[in-house]
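Student: Based on the hints, put chain X in the right spot on chain R.
Residue strings, one per chain:
Protein chains: 2
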Amino acid sequence: MTNHPVLNDVARALFEPVVLGTLSTINPDGGPQVTLVAAFLDGDELVHFHRGWYQKLRNIERNPKVAFTIVPPADGLGTPGDLQPYLVVHGIARIQVGDAGPWSDRLLDLVEATLPPEASFERPEMPADGGWTTHITPTKIVGVGPWMS
Amino acid sequence: MTNHPVLNDVARALFEPVVLGTLSTINPDGGPQVTLVAAFLDGDELVHFHRGWYQKLRNIERNPKVAFTIVPPADGLGTPGDLQPYLVVHGIARIQVGDAGPWSDRLLDLVEATLPPEASFERPEMPADGGWTTHITPTKIVGVGPWMS
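In the order they appear, the protein sequences are chains R and X.
The opening residue of the first sequence carries number 0 in numbering that gives the first Met the number 0; numbering runs sequentially from there.
The opening residue of the second sequence carries number 0 in numbering that gives the first Met the number 0; numbering runs sequentially from there.
Here chain R stands alone, though its shape is the one from the complex:
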């Protein structure tokens, strides 16, 4: 039993295995703040992790209302009858302390899998306190595309 909207299968597929999208939060001055983040789906929640106590976390602590937006790659501009698809998940975010490690490992494994075998990169260190995760419970799903049906 949930009283919040649930992403349909097409929407869920966008998150497999992870998706880059923009997170909009509210700055102290009441205006929007936007950053690009990698998000996972965990049950019905969106999850992303943080290695530092960034502005977006301070914003969420003050005002948990957020929007996460995915614009899947497409060529062209769309037409008035066939608009460019995108998905916006409005939601309420809660911050969890100390559990960023597994999510970071999961992302870094995926990144590594996309690189040529000879390529390598330095795995960034997780802070001693284990970083932070943000968990977003969807409250409203909007946009254009098959996830709206």
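It should be emphasised that the hints constitute simulated quantities derived from the structure, not laboratory data.
Misleading hints may appear alongside valid ones.
As the list makes no split between identical chains, a pair holds if one copy fits it or if it spans any two.
Derived SDA-like pairs: lysine to any residue, alpha-carbon spacing no greater than 20 Å straight-line [to be verified]:
#, residue 1, residue 2
1, Lys139, Ala12
2, Lys139, Glu44
3, Lys139, Asp28
4, Lys139, Gln54
5, Lys139, Asp128
6, Lys139, Ile91
7, Lys139, Pro63
8, Lys139, Tyr53
9, Lys139, Phe14
10, Lys139, Pro27
11, Lys139, Arg57
12, Lys139, Asp98
13, Lys139, Asp108
14, Lys139, Ala10
None of these values were measured; they are calculated from a predicted model.
Tutor: Same frame as chain R, now just chain X:
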């Protein structure tokens, strides 16, 4: 003489001839609202047009602080040392009444030019009052990429 940040040439090139990006505004409940829009550069301002008096216009009327975000197409997830590029233009928006027609024509011409010759689409009608445009004056430019140097 300006007291606001100016987009550099790499950033300006993203807008040629037009760019799809997401506009974040502030809803009446104080949370973010996000929609995908086509934006032009007009001098140092970002311009987009509206055929209807949409939620984002009502939001801007109440709170003119906005953020416009471009995530250029890229393959992969980036790596910790080479992050996926994106551009966020924070700014103050003002709404202008009645002048959407020329901007709409400009976009529709561009859309038509991308379609195969045999393709056609219905040009949507502009409302009798001429629609609306939003003009965004940048106040802060953030993100990852060559537009940050």
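Student: For every hint, state whether the structure bears it out.
Tutor: Structure-based check of each hint:
no.	hint	result
1	Lys139 to Ala12	within (18 Å within a copy, 34 Å between copies)
2	Lys139 to Glu44	within (13 Å within a copy, 31 Å between copies)
3	Lys139 to Asp28	between (24 Å within a copy, 13 Å between copies)
4	Lys139 to Gln54	between (24 Å within a copy, 15 Å between copies)
5	Lys139 to Asp128	neither (33 Å within a copy, 32 Å between copies)
6	Lys139 to Ile91	within (10 Å within a copy, 26 Å between copies)
7	Lys139 to Pro63	within (14 Å within a copy, 23 Å between copies)
8	Lys139 to Tyr53	between (25 Å within a copy, 17 Å between copies)
9	Lys139 to Phe14	within (17 Å within a copy, 30 Å between copies)
10	Lys139 to Pro27	between (23 Å within a copy, 15 Å between copies)
11	Lys139 to Arg57	between (23 Å within a copy, 19 Å between copies)
12	Lys139 to Asp98	neither (26 Å within a copy, 32 Å between copies)
13	Lys139 to Asp108	neither (31 Å within a copy, 34 Å between copies)
14	Lys139 to Ala10	within (13 Å within a copy, 32 Å between copies)
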